[in-house]
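Asker: Sequences listed follow chains A and B, in order. All the letters of the first sequence, read from the start, carry residue numbers 1 to 68 under full-length UniProt numbering. All the letters of the second sequence, read from the start, carry residue numbers 1 to 68 under full-length UniProt numbering.
Please keep in mind that the hints were generated in silico from the structure rather than gathered at the bench. Please note that the accuracy of each hint is not assured.
Any copy, or any two copies together, can satisfy a pair, since identical chains are not distinguished.
SDA-like cross-link-like pairs, simulated, lysine to any residue; straight-line CA separation at most 20 Å [unchecked claim]:
| id | residue 1 | residue 2 |
| --- | --- | --- |
| 1 | Lys2 | Ala31 |
| 2 | Lys2 | Glu30 |
| 3 | Lys55 | Ile5 |
| 4 | Lys61 | Glu4 |
| 5 | Lys12 | Val51 |
| 6 | Lys2 | Ile62 |
| 7 | Lys18 | Val7 |
| 8 | Lys18 | Val51 |
| 9 | Lys2 | Gly32 |
| 10 | Lys12 | Pro65 |
| 11 | Lys58 | Glu4 |
| 12 | Lys58 | Gln24 |
| 13 | Lys55 | His34 |
| 14 | Lys2 | Ser23 |
| 15 | Lys21 | Val51 |
| 16 | Lys2 | Lys61 |
| 17 | Lys2 | Glu25 |
| 18 | Lys12 | Thr49 |
| 19 | Lys46 | Glu19 |
| 20 | Lys21 | Lys46 |
| 21 | Lys2 | Lys55 |
| 22 | Lys2 | Lys58 |
| 23 | Lys21 | Ser63 |
| 24 | Lys46 | Leu20 |
| 25 | Lys2 | Lys18 |
| 26 | Lys12 | Glu66 |
| 27 | Lys58 | His3 |
| 28 | Lys2 | Leu20 |
| 29 | Lys21 | Ile5 |
Being a predicted model, the structure only gives us computed values, none of them experimental.
Chain by chain, the residues:
There are 2 protein chains.
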Amino acid sequence: MKHEILVSFGRKVQMRRKELKLSQEQLAEEAGLHRTYIGMIERAEKNVTLVNIEKIAKALKISIPELF
Amino acid sequence: MKHEILVSFGRKVQMRRKELKLSQEQLAEEAGLHRTYIGMIERAEKNVTLVNIEKIAKALKISIPELF
Numbered sequence: 001m002k003h004e005i006l007v008s009f010g011r012k013v014q015m016r017r018k019e020l021k022l023s024q025e026q027l028a029e030e031a032g033l034h035r036t037y038i039g040m041i042e043r044a045e046k047n048v049t050l051v052n053i054e055k056i057a058k059a060l061k062i063s064i065p066e067l068f
Numbered sequence: 001m002k003h004e005i006l007v008s009f010g011r012k013v014q015m016r017r018k019e020l021k022l023s024q025e026q027l028a029e030e031a032g033l034h035r036t037y038i039g040m041i042e043r044a045e046k047n048v049t050l051v052n053i054e055k056i057a058k059a060l061k062i063s064i065p066e067l068f
């Protein structure tokens, strides 16, 4: 059973990424993360760390609270 | 060099914990985490994961965005 917090985080990352018309690869590059990592985040398969949450928020040009 | 985001997160956890007059042990028990883990979070020695951020926020009776 997936953690609800990871599911909702993944959904918000995906929503914002699509708003910016970025592919997972482009977001990964912008955030300095591996391409497959972004896919795993969006599918709630990764218990993301705070340092990476910050990298993703910066790459999505939003603040961390906006991802929750 | 410690990640600034971990330093600021640790500071907010400690501030809110003291507001509630909880010891690190009491917060750890409330959050279902190890006693030393809370100390490490407050000293920015741990790259905390999202599942644990949620546990800490719930134990501190605040929402996740309020910790950022």
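Asker: Give a verdict on every hint.
Answerer: Going down the list of hints, with the structure as the test:
no.	hint	verdict
1	Lys2 x Ala31	between (24 Å within a copy, 19 Å between copies)
2	Lys2 x Glu30	neither (27 Å within a copy, 22 Å between copies)
3	Lys55 x Ile5	both (18 Å within a copy, 10 Å between copies)
4	Lys61 x Glu4	between (24 Å within a copy, 18 Å between copies)
5	Lys12 x Val51	both (17 Å within a copy, 16 Å between copies)
6	Lys2 x Ile62	neither (25 Å within a copy, 22 Å between copies)
7	Lys18 x Val7	within (17 Å within a copy, 31 Å between copies)
8	Lys18 x Val51	neither (22 Å within a copy, 25 Å between copies)
9	Lys2 x Gly32	between (26 Å within a copy, 18 Å between copies)
10	Lys12 x Pro65	both (11 Å within a copy, 14 Å between copies)
11	Lys58 x Glu4	between (23 Å within a copy, 14 Å between copies)
12	Lys58 x Gln24	within (15 Å within a copy, 31 Å between copies)
13	Lys55 x His34	within (12 Å within a copy, 27 Å between copies)
14	Lys2 x Ser23	neither (24 Å within a copy, 31 Å between copies)
15	Lys21 x Val51	neither (24 Å within a copy, 28 Å between copies)
16	Lys2 x Lys61	neither (27 Å within a copy, 23 Å between copies)
17	Lys2 x Glu25	neither (24 Å within a copy, 28 Å between copies)
18	Lys12 x Thr49	both (16 Å within a copy, 17 Å between copies)
19	Lys46 x Glu19	neither (22 Å within a copy, 32 Å between copies)
20	Lys21 x Lys46	neither (23 Å within a copy, 33 Å between copies)
21	Lys2 x Lys55	between (23 Å within a copy, 15 Å between copies)
22	Lys2 x Lys58	between (25 Å within a copy, 18 Å between copies)
23	Lys21 x Ser63	within (18 Å within a copy, 29 Å between copies)
24	Lys46 x Leu20	neither (23 Å within a copy, 31 Å between copies)
25	Lys2 x Lys18	neither (23 Å within a copy, 32 Å between copies)
26	Lys12 x Glu66	both (9 Å within a copy, 18 Å between copies)
27	Lys58 x His3	between (24 Å within a copy, 15 Å between copies)
28	Lys2 x Leu20	neither (27 Å within a copy, 31 Å between copies)
29	Lys21 x Ile5	neither (24 Å within a copy, 27 Å between copies)
Hints 2, 6, 8, 14, 15, 16, 17, 19, 20, 24, 25, 28, 29 from the list above are not met by this structure, while the remaining hints are.
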